[in-house]
Amino acid sequence: MKGSKFWLGMTAVVCALALGGCATQVKRMGVEEVKDLSGNWNDTDSRLVSEEMIRDSLSGGWLSRHEQQSNKAPAVIVGSIRNLSHEHINTRTFVADLERAFVNSGRVDVVASKTEREDIRDERADMDLNSAEDTRKEMGKEVGADYMLIGTINSIIDASSGEQIRFYQVDLTLVSMSDNRKVWTGQKKLKKDIKEASFR
Amino acid sequence: MNTNIDPATALQGFATRLRAFSFLLLVLPVAVLSGCATYSASFSRVEDDAAHRNLDSAIKSLDDLNLKGPDELLHHLNKGTLLSLQGNYAESNRHFEEAKREMEHLRAISVTEQAASLMVNDTLKAYEGTPAEQLFVYSYEALNYLQMGNLDDAAVEARQFDVKQGLIAADNKDADYLSGAFVRYLNSMVFEAQGERDDARIEMQKAMQGYKKQDSPFPIPQGLRDDLARIKAGRPAPSEVVMIFHNGLGASVDENNIRVANPSYNPNESKDLMMLSLAVPKFVRRSLPVDHVVLSAGASSATSEVVEDVNDIAEKSFNDRLPAIIARGVARMVAKNVAAKAAKDKVGDNPLFNFVADIATNVSERADTRSWSLLPGNIQMARLPLAPGRYDLTATYYDPYGNVVGTHLFKGVEVRGGRKSFVMDYYFNPPAAPKAPN
Chain A
1 MKGSKFWLGM TAVVCALALG GCATQVKRMG VEEVKDLSGN WNDTDSRLVS
51 EEMIRDSLSG GWLSRHEQQS NKAPAVIVGS IRNLSHEHIN TRTFVADLER
101 AFVNSGRVDV VASKTEREDI RDERADMDLN SAEDTRKEMG KEVGADYMLI
151 GTINSIIDAS SGEQIRFYQV DLTLVSMSDN RKVWTGQKKL KKDIKEASFR
Chain B
1 MNTNIDPATA LQGFATRLRA FSFLLLVLPV AVLSGCATYS ASFSRVEDDA
51 AHRNLDSAIK SLDDLNLKGP DELLHHLNKG TLLSLQGNYA ESNRHFEEAK
101 REMEHLRAIS VTEQAASLMV NDTLKAYEGT PAEQLFVYSY EALNYLQMGN
151 LDDAAVEARQ FDVKQGLIAA DNKDADYLSG AFVRYLNSMV FEAQGERDDA
201 RIEMQKAMQG YKKQDSPFPI PQGLRDDLAR IKAGRPAPSE VVMIFHNGLG
251 ASVDENNIRV ANPSYNPNES KDLMMLSLAV PKFVRRSLPV DHVVLSAGAS
301 SATSEVVEDV NDIAEKSFND RLPAIIARGV ARMVAKNVAA KAAKDKVGDN
351 PLFNFVADIA TNVSERADTR SWSLLPGNIQ MARLPLAPGR YDLTATYYDP
401 YGNVVGTHLF KGVEVRGGRK SFVMDYYFNP PAAPKAPN
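From first to last, the protein sequence lines are chains A and B. Note that the numbering used here has the first sequence beginning at 1, numbered continuously upward. Note that the numbering used here has the second sequence beginning at 1, numbered continuously upward.
Read the hints as simulated data drawn from the structure, not as lab findings. Model, not experiment: these values are computed from the prediction. Each hint should be verified, as a subset may be incorrect.
Claimed, not checked - Among the chain A residues that face chain B by a calculated CB cut under 8 Å, a handful are:
{"hint": "1", "residue": "159"}
{"hint": "2", "residue": "196"}
{"hint": "3", "residue": "198"}
The beta-carbon is built from N, C-alpha and C at its ideal position, and this holds for glycine as well.
Chain A with its partners taken away, still in its complex shape:
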């Protein structure tokens, strides 16, 4: 009797181990929780860049100067953020964070991008034919941007067998559309020491 209980217990343990090994495991994480797997650019890097850029851009003198001079909120359009790094980096994540911070601050207007505008213009043209007159939106009333946000991501890698130092520098610049002046530049630097596993 004692023996049969032992074998029953062992069978249960083996089954649990076998089934546990087969199932995909998903664990929810906080979006601010840091987990570096490969050492490549990841969500934490993107978040650190957006936090720095939002803080710096909204507290910069360019915004108050524009408000004083024109008495209205500046309109910003996002241009190209060139990836000059060693990785295929999705720049849309921190740019979208920055756009959201601008809009939600109530102090900066953000103009739709080139591809977004094309969709909206198609819709407006469609409205011209199909919408009721009192809800129809006219062509030619778009807001022109005062500034364009452009930028680059650069990286430097120093590597030897088994270890890499990766340095990233993200530079964003607001350029005045009327006279090409750079009215704000933001910068974020990140550095990582990545040691490869010797055994697997």
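Given chain A, put chain B in place with the hints provided.
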């Protein structure tokens, strides 16, 4: 008859037999699983389909091989190649990215794989690609991005290549053939197209040094010399079509059985073998079907030049690795024979066991014939300067005797002012029927 058997003696006898059979338990399943076909022989179907431009069929044949576990890298390298030849560039790059991840992962040593390689054969080790193959991945990805018109991502590949080539060169100090000259030549075009003229000039200079160092059996490409002279003079790049041509299937690896003296041979020991039979890989260079390509658009034409002899690099790389492969093979056969002898001694005079043990020892001995054999034999480049516009281009392929062996039409290629448009094609020779190991 009444026989009394001491349980302790019986148990000891059973344990001895179990230990003897453990040798068979380790080696026999591998011998059975190894089967008769080597990797390169089983891959010839994929090569044959690709050579006949049945790329859908080639991809299916590749999928049917079910390359995973230690062969997973080969799946991604070959699938990426076939998808690129098919024009499915984004999906091709997904496989090349997987291949790069796998190669990074495999840089770490697996103790179990090393032990299996020393006890059974080298095919049990995960295939991590030769250094030369690891460098070519970057050119494939960059070319895919260029054909998608995505310069920024092609430049990311160029920068990654620079880091990787530096690491590989540091790890293989005497291997001048790993200069990555062709990839640097290609990368210089990417950087210049991106407006990074300093980076482009540096890549051109490194490509020139690489070609000189790697002692290739072809002259340094004139196109590269002209580019370097032009960029040093501060002149802008002309608008042109750059055709990359993959010529012939790259080298294959066959299995070859050789006999070497048993270093642990004891003449006083009757069961010791004086000679050991060893399965080692044999480099097989395949013929190049095309001598040169003429790329034409109306009255304008350009002749290709060789920009990389992949066969030559593969052969030098193979010859560098062969001594270590043979040394490991000898150590393995000595270990197998010692284990087989010990097992035979424990079992006693059992002819059937001895026969099975000998079979298991020899059949489990297989050469590692794995390689990224869809790499071309050589790579050629034709550069056709054209005024901005849209063109139908014809590529004509000539054999060494001046006969036309094929043509390819690129329809509606757009050429923009001061820009390069990249096109790519291939011509593979159907592989010869696989030979039985000799």
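Structure-based check of each hint:
1. A distance limit of 8 Å between C-beta atoms decides the matter here; for residue 159(A) the minimum to chain B is near 5 Å, and the interface restraint holds.
2. Because the closest C-beta pair between residue 196(A) and chain B is about 6 Å apart, less than 8 Å, the hint holds.
3. For residue 198(A), the suggested interface contact is upheld, since its CB lies about 6 Å from the closest CB of chain B, less than 8 Å.
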